[in-house]
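Visitor: Going line by line, the protein sequences match chains A and B.
According to this note's numbering, the stretch in the first sequence is residues 645 to 972, in order.
According to this note's numbering, the stretch in the second sequence is residues 645 to 972, in order.
To be clear, the hints were calculated from the coordinates, so they are not data collected in a lab.
Mixed in with the good hints, there may be bad ones.
Some, not all, of what chain A presents toward chain B, calculated at C-beta under 10 Å [unchecked claim]: (1) 754; (2) 778; (3) 781; (4) 785; (5) 810; (6) 837; (7) 846; (8) 848; (9) 883; (10) 884; (11) 911; (12) 912.
The beta-carbon is built from N, C-alpha and C at its ideal position, and this holds for glycine as well.
2 protein chains.
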Amino acid sequence: MKNLLLKGMLALLLLAHAAFAADVLPSWNDVASKRSIIAFVDAVTTPGSKDFVPVPERIAVFDNDGTLWAEQPMYFQAFFVFDRIKALAPQHPEWKTREPFASVLKGDLKAALAGGEHALVEMVMATHAGMTTDEFDQIVRDWIATARHPDTGHLFTAMVYQPMLELLDYLRANGFKTFIVSGGGIEFMRPWSERVYGIPPEQVIGSSGGLKYEVRDGTPVIVKLPEIDFVDDKAGKPAGIQRHIGRRPIAAFGNSDGDLQMLQWTTAGKGARFALYVHHTDAEREYAYDRTSSIGRLDKGLDEAAEKGWTVVDMKNDWTVIYLPDGK
Amino acid sequence: MKNLLLKGMLALLLLAHAAFAADVLPSWNDVASKRSIIAFVDAVTTPGSKDFVPVPERIAVFDNDGTLWAEQPMYFQAFFVFDRIKALAPQHPEWKTREPFASVLKGDLKAALAGGEHALVEMVMATHAGMTTDEFDQIVRDWIATARHPDTGHLFTAMVYQPMLELLDYLRANGFKTFIVSGGGIEFMRPWSERVYGIPPEQVIGSSGGLKYEVRDGTPVIVKLPEIDFVDDKAGKPAGIQRHIGRRPIAAFGNSDGDLQMLQWTTAGKGARFALYVHHTDAEREYAYDRTSSIGRLDKGLDEAAEKGWTVVDMKNDWTVIYLPDGK
Chain A
645 MKNLLLKGML ALLLLAHAAF AADVLPSWND VASKRSIIAF VDAVTTPGSK
695 DFVPVPERIA VFDNDGTLWA EQPMYFQAFF VFDRIKALAP QHPEWKTREP
745 FASVLKGDLK AALAGGEHAL VEMVMATHAG MTTDEFDQIV RDWIATARHP
795 DTGHLFTAMV YQPMLELLDY LRANGFKTFI VSGGGIEFMR PWSERVYGIP
845 PEQVIGSSGG LKYEVRDGTP VIVKLPEIDF VDDKAGKPAG IQRHIGRRPI
895 AAFGNSDGDL QMLQWTTAGK GARFALYVHH TDAEREYAYD RTSSIGRLDK
945 GLDEAAEKGW TVVDMKNDWT VIYLPDGK
Chain B
645 MKNLLLKGML ALLLLAHAAF AADVLPSWND VASKRSIIAF VDAVTTPGSK
695 DFVPVPERIA VFDNDGTLWA EQPMYFQAFF VFDRIKALAP QHPEWKTREP
745 FASVLKGDLK AALAGGEHAL VEMVMATHAG MTTDEFDQIV RDWIATARHP
795 DTGHLFTAMV YQPMLELLDY LRANGFKTFI VSGGGIEFMR PWSERVYGIP
845 PEQVIGSSGG LKYEVRDGTP VIVKLPEIDF VDDKAGKPAG IQRHIGRRPI
895 AAFGNSDGDL QMLQWTTAGK GARFALYVHH TDAEREYAYD RTSSIGRLDK
945 GLDEAAEKGW TVVDMKNDWT VIYLPDGK
């Protein structure tokens, strides 16, 4: 009787395990990338395993643009900048004749961006500074709730990758703390990162401008200054990780050469480490680009991934869906 | 029968509640400060209460020096700086005749500090930069494991306040996320904050120097640069909170005028808010100082606390013990 009971319990456990395994990363085909993720998570979470990592050290870092949501034909934050310039134009009559603003107002975004980094910084400063952090938070919330992508007509937050949301959930269910480490603006991501990704603002790292605390008419405010404080891209990513997190991640996820240093830094630590590149190979369901793209170029990173045996996701073949199934 | 069972369960629940209440903050006398803490926590954690705050928004920020551990006769990090100067002196023969280093090597700390901020910055740069973050982490771990306070002879980490450790635990047990927001060096606190306070490195905010990622002989490292990146004191504290946490805390704990802006920023938010000053009133068991102290001055803060009804802890009368009971 006791033996039967034990056997029954064992059978139930095995069933439960099989059901669980089938539920893991359901939008991923059963291919090498999915298997490498599961093998890594099993290794670091199995007590007694030589690769076991205590929960507090299970830090996973994710790039945002092109890794958690799309980034073509331009970083989504650029659409925000252009929309803000149009909204603010009545207060800036001088923009009608001043570049890069004049081109934006004429709808010629290519010409607006022709001014390179200098023009870009000028547009970011004009739209991301001069208000309080509370005001900017509201501006972003209002925009992200209504603005739509020019190609798909979807809300930008519907263009997050369903397979990556499952990956975030899977890691968190296994004791990982998930962080965003993006070249995008830190204050641009935080108003929606918790709702969309389950990542709270304190786990979002990004590029940032200066901040100044002051008391205005008896009310404390933090004002966004028109100056760049930190650029969280390339070699800036490991520095941003050290500044915010203060310990080395054990897993890193990116999609471009801008993430290469983050993947290097993560994998150079002791013990089991994991690095993954999302490779944009699906021109039909999303976009196909890599070595020669001006947005999200993946060139050196693709070589280093092959050399070091990092996981590379082939979006076309590895993912059964791309965006949120109930998007729009 | 059913009625009896219900009555029994209710009695048990009440007993459990009473036992729990008696266990809360055991090193605090049953005085106004303790009661105000418990009343606030009850208000924000009781479902349906008008002051209820969802778990992700239960952010509490703590100053470190003078709030979580002692800070007299000097900030403990200053002892670290002096010890490091002595340890590094053989590699710097020029320090024998160069101030402020010469005074430190002669043991005249007062003279070393006479050079004011300039001398202090020079000493911090000489001892906190030029190595990798991994190397600095090890230097701090080695020092904190052995260095002892000149007055008490205790390890510095034994001079943390037992009542504040209980407060940290109590808040975390009620769904709060606890952060350190200190003028001290961020990389100086992180190696031991998790072990001593239960606060992981990613929840430590402090003053910081520049960081640079580079690959040395094939090994990725982050190098600490001899430049100040951020001073997390006074108006810097709300800015540091915004940069790292990205949302406003609902509770803030400090002990000096350097914490005043953090308490203002926290309490100016909507809904229930809590601010507490630790007032150093116990010359026998710790130190007594406030309005005229050069370290940890509490002057404007004391006035504003009275004006705004913030909680002020009278260390002498409110706490049954100060340091860890099993310290040394």
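Visitor: All the hints need checking, so say for each whether the structure fits it.
Guide: Results for each hint:
For residue 754 of chain A, the interface hint is violated, the least distance from its beta-carbon to any beta-carbon of chain B being 33 Å, above 10 Å. The beta carbon of residue 778 of chain A is positioned within 10 Å of a beta carbon in chain B (closest approach about 9 Å), and the interface hint is therefore held. A distance limit of 10 Å between C-beta atoms decides the matter here; for residue 781 of chain A the minimum to chain B is near 9 Å, and the interface restraint holds. For residue 785 of chain A, the interface hint is violated, the least distance from its beta-carbon to any beta-carbon of chain B being 13 Å, above 10 Å.
A least Cβ separation of about 21 Å between residue 810 of chain A and chain B goes past the 10 Å threshold, and the interface hint is therefore violated. The closest approach between the C-beta of residue 837 of chain A and any C-beta of chain B is roughly 9 Å, which is under the 10 Å cut-off, so the hint is satisfied. For residue 846 of chain A, the interface hint holds, the least distance from its beta-carbon to any beta-carbon of chain B being 5 Å, beneath 10 Å. The criterion of a C-beta within 10 Å of any C-beta in chain B is met by residue 848 of chain A, whose closest approach is roughly 6 Å, and the hint holds.
A distance limit of 10 Å between C-beta atoms decides the matter here; for residue 883 of chain A the minimum to chain B is near 4 Å, and the interface restraint holds. A least Cβ separation of about 9 Å between residue 884 of chain A and chain B falls short of the 10 Å threshold, and the interface hint therefore holds. Because the beta carbon of residue 911 of chain A sits about 9 Å from the nearest beta carbon in chain B, less than 10 Å, this interface hint is met. Of the supplied interface hints, the one on residue 912 of chain A holds, with its beta-carbon coming within about 5 Å of a beta-carbon of chain B, less than 10 Å.
Checked against the numbered hints listed earlier, the structure breaks hints 1, 4 and 5; every other hint is satisfied.
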